[in-house]
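Protein chains: 2
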Amino acid sequence: MAQLRDLKDELDIVIPTIRNLDFLEMWRPFFQPYHLIIVQDGDPSNTIGVPEGFDYELYNRNDVNRILGPKASCISFKDSACRCFGFLVSKKKYIFTIDDDCFVAKEPSGKEINALEQHIRNLLTPSTPLFFNTLYDPFANGSDFVRGYPFSLREGLPTAISHGLWLNIPDYDALTQLVKPRERNTRYVDAVMTIPKGTLFPMCGMNLAFDRELIGPAMYFGLMGDGQPIGRYDDMWAGWCAKVICDHLLLGVKTGLPYIWHSKASNPFVNLKKEYKGIYWQEDIIPFFQSIALREECTSVHDCYIELANKVKERLGPIDPYFEKLGDAMVTWIEAWNELNPPPPAQTATVAHPNVAMKN
Amino acid sequence: MAQLRDLKDELDIVIPTIRNLDFLEMWRPFFQPYHLIIVQDGDPSNTIGVPEGFDYELYNRNDVNRILGPKASCISFKDSACRCFGFLVSKKKYIFTIDDDCFVAKEPSGKEINALEQHIRNLLTPSTPLFFNTLYDPFANGSDFVRGYPFSLREGLPTAISHGLWLNIPDYDALTQLVKPRERNTRYVDAVMTIPKGTLFPMCGMNLAFDRELIGPAMYFGLMGDGQPIGRYDDMWAGWCAKVICDHLLLGVKTGLPYIWHSKASNPFVNLKKEYKGIYWQEDIIPFFQSIALREECTSVHDCYIELANKVKERLGPIDPYFEKLGDAMVTWIEAWNELNPPPPAQTATVAHPNVAMKN
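Sequence order for the protein chains is A and B.
This note's numbering applies: residue 1 is where the first sequence begins, and numbers increase by one.
This note's numbering applies: residue 361 is where the second sequence begins, and numbers increase by one.
Treat the hints as calculated values from the structure; they're not laboratory data.
One thing to keep in mind: the hints can contain errors.
Result set (BS3-like, lysine-lysine): computed pairs, CA atoms no more than 27 Å apart in a straight line [unchecked claim]: (1) Lys106/A x Lys471/B; (2) Lys368/B x Lys431/B; (3) Lys453/B x Lys106/A; (4) Lys92/A x Lys180/A; (5) Lys431/B x Lys685/B; (6) Lys111/A x Lys453/B; (7) Lys466/B x Lys111/A.
Residues of chain A clear of chain B, computed beta-carbon distances all greater than 12 Å [what the hints assert, rightly or not]: (8) Tyr59; (9) Pro138; (10) Asp173.
One side only, chain A facing chain B, incomplete, derived with CB under 7 Å [what the hints assert, rightly or not]: (11) Thr134; (12) Asp144; (13) Tyr276.
Remember, it's a predicted structure, so these values are computed and weren't measured experimentally.
Heads up, the beta-carbon is just placed ideally off N, CA and C, and yes, glycines get one too.
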């Protein structure tokens, strides 16, 4: 397989945090060539220490308010949902986002895993959401499509999202944490797979990469934390919205490799309080997303997302006024996105058609 | 996790073959307690050697003709599709079927893999086709449902099919075999997963187990080989039909572990001839199966399969007269199934309602 690009000038690493970023020391060999966007949550008067030698920009709540003005209301406070502010201000094509309690994991052989390199491989190779390949990623080294895989589908579709996994502390909800306090994930599954079209999945924001140009505006992490009735559903919300839109626009979502080492479990008693309402609400939210059909006229992520916001207000609003507010925030998010990411000027006639240019 | 039953009296091993079954020697520690059904393909005057100590019944073409009479026309000749005759004559609840060029594989640790034990574990634990679990099988040891997985779906659904994989020679089509003659599968992926509802997959018959009571009548391997315009699509056909019916009846299909060691590639030049028409036809067959909606009135596998046979004739018939013949054979197969597997006598009023009985 051909060597893939390293995306040094095309990818930002987004890190939400409330503490010194000492965890970056372990990632230095892998992250140092990249630009970091640090979103400081909580008290803006705190100083976040960043190890020397990293190239970064840091935003605290005062910066969010200054940059977005009244639209800052769509960015959550005291919840890792604030990370999506980093997606908004990035100017790069690709995003990798990681939590500050995630460390470098090891393969069973003992080799340290370059998580970012695997995410880049996942994003730069196609996805296969229209038919299942039993030998997993057909674009991995030493793998291919199996007998019976339709040839017309082997070109695959562009990959929008790469969802990585976690060794040690699994991403469990508060209930499972409380019931199985000692469970650790020790199973290294050497696979990347495309989540089939039409299938929802629980997207975790801990170790996640995506193509900002393809799916960025759908990567809104919702209203969580301070002043909201719910927390810890930020990444889930983004995942459900993004997956429905990827399915509609024929974009791929992969999950599996790379693993990171998740060092410590969050407090399950605190988590239960945050998740409490979500446990009930998701029983209605999931059927809602499973039954959504976006109009054919929605041909961009922006269109799809606005349509989704309207449906959220209409169909989830009756469950709780929170969903009215969330639907409004989704619209505000798109307005903020458009403000900070104005569409590029229309192509002039002197620009060659890309299909022609590619023949060189 | 609780110790699962070994199903010694509830499972038959079905092996289609044209040669002496020396490969059973390697499987002796795992297979010897089970009953084998050997389906001899090709010249019935040949003698198939079976290593001593195995409990088996063997059927050759003369037996097939004698037992099924005119209905024998639905059983393929000179193609591994003949294996489904074994499913028909079995009286057990579970079937494991394996090819005679498949040997015991090893885990990366060097431990020999008891493929049958893993299939039984897959069949006796629920499936989760309605939502994707990113940590794979939530019923595996040391695993569970991740955060965001709806609680109402955690009971899972009954598992109908367990599809195992292959180390060494991957199950490639003739084209991929010819293009990549040296490719070997060395990737041991330590996972079992449910194939989501609504997603088709290429089912390989080499290393396959299923619950005969739940899905048996859909496990027809079609008309292949001698006198037919196509071969090597027998298991694919069964997989497409069975998956559509499992989705309709809310049954689960798992793929992944266990691996077997596939010892040798079949001749790709011969395979190309067999697969040639299938390469074109599957481009129509897949959309056909993807778009099928079985009527709500179809509440048994029999009902679903007859409905499917009618749709095959109606919608695939126009592609080639072969599909008319195949649709008829599907009906014949069900007639043969009913003849050899008469429905059990109706339950009497003295039998407690299962939900009540379960409360004891």
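| For this structure, which hints from the list above don't hold up? | 2, 3, 4, 6, 9, 10, 13
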